[in-house]
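> So the sequence lines, in the order shown, correspond to chains C and A.
Heads up: the first sequence at position 113 corresponds to 112 in numbering that gives the first Met the number 0, and the numbers run straight through without jumps.
Heads up: the second sequence at position 55 corresponds to 54 in numbering that gives the first Met the number 0, and the numbers run straight through without jumps.
Don't take each hint at face value.
A pair counts as met if it fits within one copy or between any two copies, since identical chains are not told apart.
[What the hints assert, rightly or not] 25 Å max Cα-Cα, derived SDA-like pairs, lysine to any residue:
| hint | residue 1 | residue 2 |
| --- | --- | --- |
| 1 | K145 | L79 |
| 2 | K145 | L173 |
| 3 | K145 | S189 |
| 4 | K74 | P85 |
| 5 | K74 | Y137 |
| 6 | K74 | D84 |
| 7 | K74 | E112 |
| 8 | K145 | T191 |
| 9 | K145 | Q78 |
Hints are computed from structural coordinates only; laboratory data are not their basis.
2 protein chains.
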Amino acid sequence: MNTRLEAALAVSTVIFALRSDPGSGLSSLWLPLVRRTRDPYLGRWALPGGGLPTDEGLAGAAARALRETTGLTPKYLEQLYTFGDPGRSPGGRVVSVVYWALVESGEAALAVEDENVHWFPADHLPPLAFDHNRIVEYALWRLRTKVEYSRIAHAFLGETFTLAQLREVHEAVLQKALDPANFRRTVESSGTVVDTGRRVAGVPHRPPRLYRYNDSVPAAEPGALEPAIG
Amino acid sequence: MNTRLEAALAVSTVIFALRSDPGSGLSSLWLPLVRRTRDPYLGRWALPGGGLPTDEGLAGAAARALRETTGLTPKYLEQLYTFGDPGRSPGGRVVSVVYWALVESGEAALAVEDENVHWFPADHLPPLAFDHNRIVEYALWRLRTKVEYSRIAHAFLGETFTLAQLREVHEAVLQKALDPANFRRTVESSGTVVDTGRRVAGVPHRPPRLYRYNDSVPAAEPGALEPAIG
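So that you can see chain C by itself, here it is in the shape it has in the complex:
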């Protein structure tokens, strides 16, 4: 009952952003990975992460890993799950506290990328180090479930957006086309977005309206322990 063994502890982050395919113009989910520079899994791609300094909270360590890897700040950050199977690391037992984060698309375009940091399409990953493929699959499931009942899609967008942009986020996350008229009705009746009264500049005929998120609507999880950043 009172034994507390010392275990190696890591904090890792699954970072999602939307990127457009230059050819088709369609958006899909991408995430940054880092190349391992030591054993085990030397040379393999892995989730960004690291240890837990004694004066840093878990969410703080997750946001720092994100910042150090990509130079970005997340608009949404939430604890995903803690993974601790005895066999998950060949180098000895490691317990990984994993967070997931959403980054705004415009900012994600500015992300650092070099020989050891590279972005991959989330649904077409190479074999990753440790159990990181399974972790990404679980994070994708959580994101896709949550985008249907919570108001997190706007984390991929800027301060204001058109309903077409918001629909494209949902389509990219859920990987299916949504009927524009139905989507508009559902969003408008939900009360989660507010018409700013402004329209997209530079569009001559019927420029689309600009919306912002309605901050007065409570988030779906009032009991969440760490509120979303941003």
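Following the hints, put chain A in place on chain C, whose structure we already have.
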């Protein structure tokens, strides 16, 4: 990026069962706590838990703490959250992976109780060690949210049950009276319970029907990593 500090790691479990008040006959949520036998917080009540042996998974360690403390086996066990604020333990940084569990009421009545293991009403706890009051509050929020959209209420009941018993579980968890006719309609239309064709024995006039859970209905969280036990 590659530093992994050694951190003290604990696995704790919030264990819920329903108990009837002998006077009113009404059920409410109770949980077992253990008295701390050393500093910090010597003598205070705390969640059952302990360390993580190198050959044991996180869920396995959580179920073992439950078994060692109460002599019980959970019907439902799920990871709740990992707590790791730097200041949460005065004796040095401890990261706690917390699970929550539901125990069948009939079995809970057989639980071990002695000077150092005691059951308390979940909504009326004394000041606990560490941040354990906050952890219990979060577990209560998760249970109350989940009982409304998922089929976990039957974990408090035996193999078969009447609709009145199932309604009493919901009433005890949610702490509000539910209209019997509405509850019956909602449950029957959900398809989550099956009429066994049998009735409660020993009731002379119109004995209530016995139901069981419909295992063919998928659980609410197909992506959950550790399926419910039992």
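> Could you run down the list of hints and mark each one as holding or not?
Verification of the hints:
1. For the identical chains of this complex, K145 and L79 are neighbours both inside a copy (12 Å) and across copies (17 Å), given an alpha-carbon limit of 25 Å.
2. Within a single copy, K145 and L173 get their C-alpha atoms as close as 11 Å, and across copies as close as 24 Å, so both meet the 25 Å cut-off.
3. Both within a single protomer and between protomers do K145 and S189 lie at most 25 Å apart by alpha-carbon distance, with minima of 16 Å and 22 Å respectively.
4. Only between protomers do K74 and P85 lie at most 25 Å apart by alpha-carbon distance; the minimum there is 24 Å, versus 33 Å within a single protomer.
5. In this assembly of identical chains, the alpha carbons of K74 and Y137 lie at most 25 Å apart whether taken from the same copy (20 Å) or from different copies (24 Å).
6. With identical chains, the CA atoms of K74 and D84 are at most 25 Å apart between copies only, with a shortest distance of 21 Å across copies and 30 Å within one.
7. For the identical chains of this complex, K74 and E112 are intra-copy neighbours only, at 20 Å inside a copy versus 47 Å across copies, given an alpha-carbon limit of 25 Å.
8. When the C-alpha separation of K145 and T191 is checked against a cutoff of 25 Å, the pair qualifies both within a copy, at 15 Å, and between copies, at 23 Å.
9. Taking the closest pair of Cα atoms, K145 and Q78 come within 25 Å of each other both inside a single copy (13 Å) and across two copies (18 Å).
When each numbered hint is compared with the structure, no violation occurs for any of them.
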